[in-house]
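Q: Turn these sequences into a full structure, and let the hints steer you where they fit.
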Amino acid sequence: MKYLLLSSVIIITVIIIPIESWAEYNHKWDELAAWKEVKNNEIQVLIIRDAKVSQKHVDIVEDTINSKEVDNSGKKLFQGWNEGIKQISESHGVTIPTLHVQSKLDSQDTIIIYLMDKIDTSGYDGYTNLYYDENGNIEKAFVKIFNVDELNENQLKTIVRHEIGHALGLGHTNEKNDLMQSIIDMRHTAISLLDLQALARIY
Numbered sequence: 001m002k003y004l005l006l007s008s009v010i011i012i013t014v015i016i017i018p019i020e021s022w023a024e025y026n027h028k029w030d031e032l033a034a035w036k037e038v039k040n041n042e043i044q045v046l047i048i049r050d051a052k053v054s055q056k057h058v059d060i061v062e063d064t065i066n067s068k069e070v071d072n073s074g075k076k077l078f079q080g081w082n083e084g085i086k087q088i089s090e091s092h093g094v095t096i097p098t099l100h101v102q103s104k105l106d107s108q109d110t111i112i113i114y115l116m117d118k119i120d121t122s123g124y125d126g127y128t129n130l131y132y133d134e135n136g137n138i139e140k141a142f143v144k145i146f147n148v149d150e151l152n153e154n155q156l157k158t159i160v161r162h163e164i165g166h167a168l169g170l171g172h173t174n175e176k177n178d179l180m181q182s183i184i185d186m187r188h189t190a191i192s193l194l195d196l197q198a199l200a201r202i203y
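Residue numbers (the working numbering): 1 to 203.
There could be a bad hint or two in this list.
Said to hold, decoys possible - Once the Cα atoms are required to be at most 30 Å apart in a straight line, the calculated DSS-like pairs of lysine-lysine come out as:
1) LYS28 to LYS104
2) LYS76 to LYS28
3) LYS118 to LYS104
4) LYS28 to LYS144
5) LYS118 to LYS75
6) LYS176 to LYS52
7) LYS36 to LYS76
8) LYS68 to LYS39
9) LYS104 to LYS86
10) LYS28 to LYS75
11) LYS140 to LYS176
12) LYS86 to LYS75
13) LYS144 to LYS104
14) LYS36 to LYS86
15) LYS144 to LYS68
16) LYS104 to LYS56
17) LYS140 to LYS86
18) LYS28 to LYS68
19) LYS68 to LYS176
20) LYS75 to LYS176
Calculated directly from the structure, the hints in this document are not laboratory data.
A: Okay, structure coming up:
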């Protein structure tokens, strides 16, 4: 069983976030932050890659955003962020921004996902830098995924889902059986209602 250690790195603007923030069912999150208001309630996403990283990997990343696959066999689990955001927004009566993959950017309010063939010297498989505006709202995120060619499809999808969770404003949860725990467990690779309920609370 492979465990992947990920970290969310916050840079540029220092803001104070309560140490304990709560989602449904009293599960704690170390950080929760909302995006600033974005045009058409869509956050633009640009996926870039090193020359040695194939288009196939870009397609895999897009699937973690746009997949409509939902597992209802036990706990409700989502393979794509947009489908989860759509359903939780409707059920909770909130407006959470969705993600829109672009081939080029026409806005500064973006998430950039960089697929790299290099290994991170600190041993991370991925990390996310968040940039904040003067009100403490996220205005940009930069996600790096390392050593992409050495990851299988499930590993890549799981790491990207986790890092997009950070890019949307989720920190880590102390729930041991969740995608957004600080150390990824490859038995828990999909987006849960816990993750989506946390987003609903901050919008």
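Q: So, for every hint listed, does it hold in this structure?
A: Cross-check of the supplied hints:
1. For the hint linking LYS28 to LYS104, the alpha-carbon distance of about 37 Å lies beyond 30 Å, and the restraint is violated.
2. Annotation: proposed proximity of LYS76 to LYS28 holds, straight-line Cα distance about 20 Å (limit 30 Å).
3. Between the alpha carbons of LYS118 and LYS104 the distance comes to roughly 24 Å, so the proposed pair stays at or under 30 Å and holds.
4. Taking the CA atoms of LYS28 and LYS144, the gap is about 26 Å. The hint holds against a cut of 30 Å.
5. Distance restraint check for LYS118 and LYS75: the Cα-Cα separation of roughly 36 Å exceeds the 30 Å cut-off, and the hinted pair is therefore not satisfied.
6. A hinted pair counts as satisfied when its Cα atoms are at most 30 Å apart, and LYS176 with LYS52 does not qualify at roughly 35 Å.
7. A threshold of 30 Å between alpha carbons decides the hint, and for LYS36 with LYS76 the separation of about 28 Å falls inside it, so the pair holds.
8. With a CA separation close to 23 Å, the supplied pair LYS68 and LYS39 stays within the 30 Å bound.
9. Distance hint between LYS104 and LYS86 is fulfilled; the C-alpha atoms sit about 24 Å from each other, no more than 30 Å.
10. A distance of roughly 19 Å separates the Cα atoms of LYS28 and LYS75; the hinted pair therefore holds under the 30 Å criterion.
11. Proposed proximity of LYS140 and LYS176 is supported: the alpha carbons are some 29 Å apart, at most 30 Å.
12. As the CA atoms of LYS86 and LYS75 are separated by approximately 18 Å, the hinted pair is consistent with the 30 Å bound.
13. For a cut-off of 30 Å, the pair hint linking LYS144 to LYS104 stands: about 18 Å separates their Cα positions.
14. Straight-line distance between C-alpha atoms of LYS36 and LYS86 comes to about 18 Å, which keeps the hinted pair within the 30 Å bound.
15. Proximity of LYS144 to LYS68 is assessed by CA-CA distance (about 24 Å); at most 30 Å being required, the pair is judged to hold.
16. A threshold of 30 Å between alpha carbons decides the hint, and for LYS104 with LYS56 the separation of about 19 Å falls inside it, so the pair holds.
17. Our distance criterion of 30 Å between C-alpha atoms is met by LYS140 and LYS86, whose separation comes to about 21 Å.
18. For the hint pairing LYS28 with LYS68, the CA-to-CA distance comes to about 28 Å; that is within 30 Å, so the pair holds.
19. A distance of roughly 25 Å separates the Cα atoms of LYS68 and LYS176; the hinted pair therefore holds under the 30 Å criterion.
20. Restraint check for LYS75 and LYS176: satisfied, since their Cα atoms lie roughly 14 Å apart, inside the 30 Å limit.
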